[in-house]
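From just these sequences and the hints, can you work out the full model?
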Amino acid sequence: RKEVEQDPGPFNVPEGATVAFNCTYSNSASQSFFWYRQDCRKEPKLLMSVYSSGNEDGRFTAQLNRASQYISLLIRDSKLSDSATYLCVVPSGSARQLTFGSGTQLTVLP
Amino acid sequence: DTGVSQNPRHKITKRGQNVTFRCDPISEHNRLYWYRQTLGQGPEFLTYFQNEAQLEKSRLLSDRFSAERPKGSFSTLEIQRTEQGDSAMYLCASSFGLESYEQYFGPGTRLTVT
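Read top to bottom, the protein sequences are chains A and B.
So the first sequence is numbered by the working numbering: it starts at 226 and just counts up by one.
So the second sequence is numbered by the working numbering: it starts at 104 and just counts up by one.
Quick caveat, the hints were computed from the structure, so don't treat them as lab data.
In this text the structure is predicted, and so the values were computed from the model without any measurement.
Cβ atoms here follow ideal geometry from the backbone N, Cα and C, with glycine treated the same way.
Mixed in with the good hints there might be a few duds.
Stated by the list, open to error - Quick list of in silico lysine to aspartate or glutamate cross-link-like pairs, DMTMM-like style, CA-CA up to 25 Å:
1) Lys174/B <-> Glu131/B
2) Lys267/A <-> Glu131/B
3) Lys267/A <-> Glu147/B
4) Lys227/A <-> Glu147/B
5) Lys227/A <-> Asp189/B
6) Lys114/B <-> Asp127/B
7) Lys270/A <-> Glu205/B
8) Lys270/A <-> Asp127/B
9) Lys160/B <-> Glu228/A
10) Lys267/A <-> Glu228/A
11) Lys117/B <-> Glu147/B
12) Lys267/A <-> Glu230/A
13) Lys267/A <-> Glu205/B
14) Lys267/A <-> Glu181/B
15) Lys267/A <-> Asp189/B
16) Lys270/A <-> Glu131/B
17) Lys160/B <-> Glu205/B
18) Lys304/A <-> Asp282/A
19) Lys117/B <-> Asp189/B
20) Lys270/A <-> Asp232/A
21) Lys160/B <-> Glu230/A
22) Lys267/A <-> Glu240/A
23) Lys304/A <-> Asp264/A
24) Lys267/A <-> Glu186/B
25) Lys267/A <-> Asp307/A
26) Lys114/B <-> Glu171/B
27) Lys270/A <-> Asp189/B
28) Lys270/A <-> Glu159/B
29) Lys270/A <-> Glu147/B
30) Lys117/B <-> Asp166/B
As the list claims (entries may be wrong) - Far from chain A by the CB rule (all over 12 Å, computed), these chain B residues:
31) Glu131
32) Glu155
33) Arg167
34) Gln183
See the structure below:
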């Protein structure tokens with residue numbers, strides 16, 4: 226089993242839609258989680274941190290279910306500018322290196 | 104610009120040549136990471152520095168790869184005798200403190216080995 230698994234998509238949604246991405250992780254000892262956003266041929270950028278049961282920032286909501294080892298990202302009222310790849314990330318190891326899922330590609334259509 | 108910078112942004116080299124990439128982290132960040140990303144995949148961890156000490160290396164980092172951070176500021180990643188399988192985006196990230204997990208990435212160096 227991969228350490229971090231994501232639904233690869235792609236997700237093609239119309240503007241204004243609500244879309245949710247799922248992610249599962251294998252290390253039950255993990256305490257913090259991140260969603261990064263990566264635009265085509267650009268570097269990943271931190272979108273949200275999740276340290277407890279969840280986090281909300283404007284149109285974005287991240288939820289954590291420790292019992293199921295499951296993280297989700299909900300985007301409400303999708304904008305064209307939300308089109309990107311969303312990476313689920315779990316820190317691991319003594320170096321706190323980031324373990325990334327393979328990403329979920331989102332395209333918001335006009 | 105006070106973010107992480109990387110040079111060069113693009114590198115095309117022939118198989119068998121050596122290449123070196125540079126990363127300048129955010130100035131107050133004491134932790135520096137190198138990752139590699141191939142098409143359709145998330146970044147994969149290569150190595151980690153805390154100040155000038157290289158404390159962790161992934162098994163992905165073969166003996167053809169070497170990284171340094173001599174003064175605890177910028178870092179270099181060298182690949183010797185490049186192979187076509189080394190073609191990837193090489194990303195550098197930095198972080199501050201011993202407790203924070205948040206890392207900030209540079210724009211990457213895209214390596215193409217022909």
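Are the Cα atoms of lysine 267/A and glutamate 147/B separated by 25 Å or less?
16 Å, holds
Lysine 160/B paired with glutamate 230/A [C-alpha distance capped at 25 Å]
Within the cut-off at roughly 23 Å; holds.
A cut-off of 12 Å on Cβ-Cβ distance, and glutamine 183/B was said to be off the interface with chain A. Does that hold?
23 Å, holds
Lysine 227/A and glutamate 147/B: Cα distance at most 25 Å?
The given pair, whose Cα atoms are some 13 Å apart, holds under the 25 Å limit.
Taking 25 Å as the top limit, are the C-alpha atoms of lysine 267/A and glutamate 228/A close enough?
24 Å, holds
Lysine 267/A and glutamate 230/A were given as a pair; does the straight-line alpha-carbon distance stay at or below 25 Å?
Holds, because 22 Å separates the two Cα atoms, which is no more than 25 Å.
When you check the alpha-carbon spacing of lysine 114/B and aspartate 127/B, does it fall within 25 Å?
Distance ~17 Å between lysine 114/B and aspartate 127/B Cα, so the pair holds.
Is lysine 267/A within 25 Å of glutamate 181/B, Cα to Cα?
It holds: about 22 Å lies between the C-alpha atoms, which stays within 25 Å.
Compare the distance between the alpha carbons of lysine 227/A and aspartate 189/B with 25 Å, and conclude whether the hinted pair is satisfied.
Since the Cα atoms of lysine 227/A and aspartate 189/B sit roughly 22 Å apart, the hinted pair holds (cutoff 25 Å).
Need the status of pair lysine 160/B, glutamate 228/A: alpha-carbon distance at most 25 Å?
Given pair lysine 160/B, glutamate 228/A holds - Cα atoms ~18 Å apart, limit 25 Å.
Below or equal to 25 Å on CA atoms is what counts here, so check lysine 117/B against glutamate 147/B.
24 Å, holds
For lysine 267/A and glutamate 186/B, compute the direct alpha-carbon distance and say whether it is at most 25 Å.
Holds. Lysine 267/A to glutamate 186/B sits at ~24 Å (cutoff 25 Å).
The earlier numbered hints are all upheld by this structure, with none contradicted.
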